[in-house]
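Colleague: Chain by chain, the residues:
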Amino acid sequence: EAQVTQNPRYLITVTGKKLTVTCSQNMNHEYMSWYRQDPGLGLRQIYYSMNVEVTDKGDVPEGYKVSRKEKRNFPLILESPSPNQTSLYFCASSLRGEAFFGQGTRLTVV
Amino acid sequence: DAKTTQPTSMDCAEGRAANLPCNHSTISGNEYVYWYRQIHSQGPQYIIHGLKNNETNEMASLIITEDRKSSTLILPHATLRDTAVYYCIVRPPPSNTGKLIFGQGTTLQVKP
Numbered sequence: 001e002a003q004v005t006q007n008p009r010y011l012i013t014v015t016g017k018k019l020t021v022t023c024s025q026n027m028n029h030e031y032m033s034w035y036r037q038d039p040g041l042g043l044r045q046i047y048y049s050m051n052v053e054v055t056d057k058g059d060v061p062e063g064y065k066v067s068r069k070e071k072r073n074f075p076l077i078l079e080s081p082s083p084n085q086t087s088l089y090f091c092a093s094s095l096r097g098e099a100f101f102g103q104g105t106r107l108t109v110v
Numbered sequence: 001d002a003k004t005t006q007p008t009s010m011d012c013a014e015g016r017a018a019n020l021p022c023n024h025s026t027i028s029g030n031e032y033v034y035w036y037r038q039i040h041s042q043g044p045q046y047i048i049h050g051l052k053n054n055e056t057n058e059m060a061s062l063i064i065t066e067d068r069k070s071s072t073l074i075l076p077h078a079t080l081r082d083t084a085v086y087y088c089i090v091r092p093p094p095s096n097t098g099k100l101i102f103g104q105g106t107t108l109q110v111k112p
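Each protein sequence line maps, in turn, to chains A and B. Using the working numbering, the letters of the first sequence correspond one by one to residues 1 to 110. Using the working numbering, the letters of the second sequence correspond one by one to residues 1 to 112.
If you are wondering where the hints come from, they were derived from the structure by calculation, not from laboratory data. Keep in mind it's a predicted model, so treat the numbers as computed, not measured. Among the hints, a few may not be true.
[Said to hold, decoys possible] Which residues of chain A face chain B? A partial, calculated answer using Cβ under 8 Å: (1) Tyr10; (2) Tyr31; (3) Ser33; (4) Pro39; (5) Leu43; (6) Gln45; (7) Gly58; (8) Pro61; (9) Ser94; (10) Arg96; (11) Phe101; (12) Gly102; (13) Gln103.
[Claimed, not checked] Taking beta-carbon pairs under 8 Å as the criterion, some of the chain B residues facing chain A (in silico): (14) Arg16; (15) Tyr34; (16) Gln42; (17) Gly43; (18) Arg91; (19) Ser95; (20) Gln104.
We treat Cβ as the ideally placed atom computed from N, Cα and C, and that holds for glycine.
In isolation and in its complexed conformation, chain A is listed as follows (with noise of 0.2 Å):
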């Protein structure tokens, strides 16, 4: 079955403490990328990447690291998290203009 996985589902986590939320694809596909929804403002892209070792900036990349080591996983790193990356976030993998989301990690910053 053609899936992305993140982990963990939801966190919760002190200012400053460095976390990494995991994403992963069966899919093969080289876009991936990442959002977080906040009430009021919608879903907006953080990092994206076109393939293996190549990604870049989306709109509201602050705050935020990501690597792409390997074709099937793309991480979200937050070096030193604040309370205002509290949000939802997901990942997404894409084809031909098709994407595929994750379940979501509702991250809560203390």
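Guided by the hints, dock chain B onto chain A, whose structure is given.
Modeller: Using the frame of chain A, we list chain B on its own:
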């Protein structure tokens, strides 16, 4: 990418057709219309896309006007599980893999 305009919310009776409109008057010649939906904080789900011809799949039908300035997503027999936020997105051709720009969408409430 062209901007889209959708009604904020709509209701539909269970079993009836749900017709969700979208205006995209500034769409350019090579841009496609995509529809996604998001069921209560789950990841968005692709529904359908089209360029200028009407399209149908197992989930829905997409009707695009001849001038391509608007479109309608049709769920032929809405069920309670179709309650979701529906997003109309205009973007470059499928061969161009890029970001999706989500607006506020239409909240569809299917009622028993």
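Colleague: Let's test the interface hint: is any C-beta of chain B closer than 8 Å to that of Pro61 (chain A)?
Modeller: violated, 12 Å
Colleague: How about Gln103 (chain A): closest beta carbon in chain B under 8 Å, or not?
Modeller: Because about 5 Å separates Gln103 (chain A) from the closest Cβ in chain B, which is inside the 8 Å limit, the hint holds.
Colleague: Hold the hint about Gln104 (chain B) up to the distance rule: shortest CB distance to chain A must be less than 8 Å.
Modeller: Cβ of Gln104 (chain B) sits 6 Å from chain A, so the hint holds.
Colleague: Is the hint on Tyr34 (chain B) kept, meaning its closest Cβ partner in chain A is under 8 Å away?
Modeller: holds, 7 Å
Colleague: Do the numbers back the hint for Tyr10 (chain A), that is, is its least Cβ distance to chain B under 8 Å?
Modeller: Violated. Min distance 11 Å.
Colleague: Does the closest beta carbon of chain B sit nearer than 8 Å to the beta carbon of Ser94 (chain A)?
Modeller: holds, 5 Å
Colleague: Checking hints one by one. Is Gly58 (chain A) an interface residue toward chain B, by the C-beta closer than 8 Å rule?
Modeller: holds, 6 Å
Colleague: Answer holds if the nearest beta-carbon of chain B is closer than 8 Å to that of Ser33 (chain A); otherwise answer violated.
Modeller: holds, 6 Å
Colleague: Does the closest beta carbon of chain B sit nearer than 8 Å to the beta carbon of Gly102 (chain A)?
Modeller: The hint holds - Gly102 (chain A) has a Cβ within 8 Å of chain B, the shortest such distance being about 5 Å.
Colleague: Quick one, is the Gly43 (chain B) hint okay against chain A at 8 Å, beta carbons?
Modeller: holds, 3 Å
Colleague: For the hint on Ser95 (chain B), just tell me whether its beta-carbon gets within less than 8 Å of chain A.
Modeller: holds, 6 Å
Colleague: Against chain B, with CB atoms and a cut of 8 Å, does the hint on Leu43 (chain A) hold up?
Modeller: holds, 4 Å
The structure fails to meet hints 1, 4, 8 and 14 from the earlier list, while all remaining hints are met.
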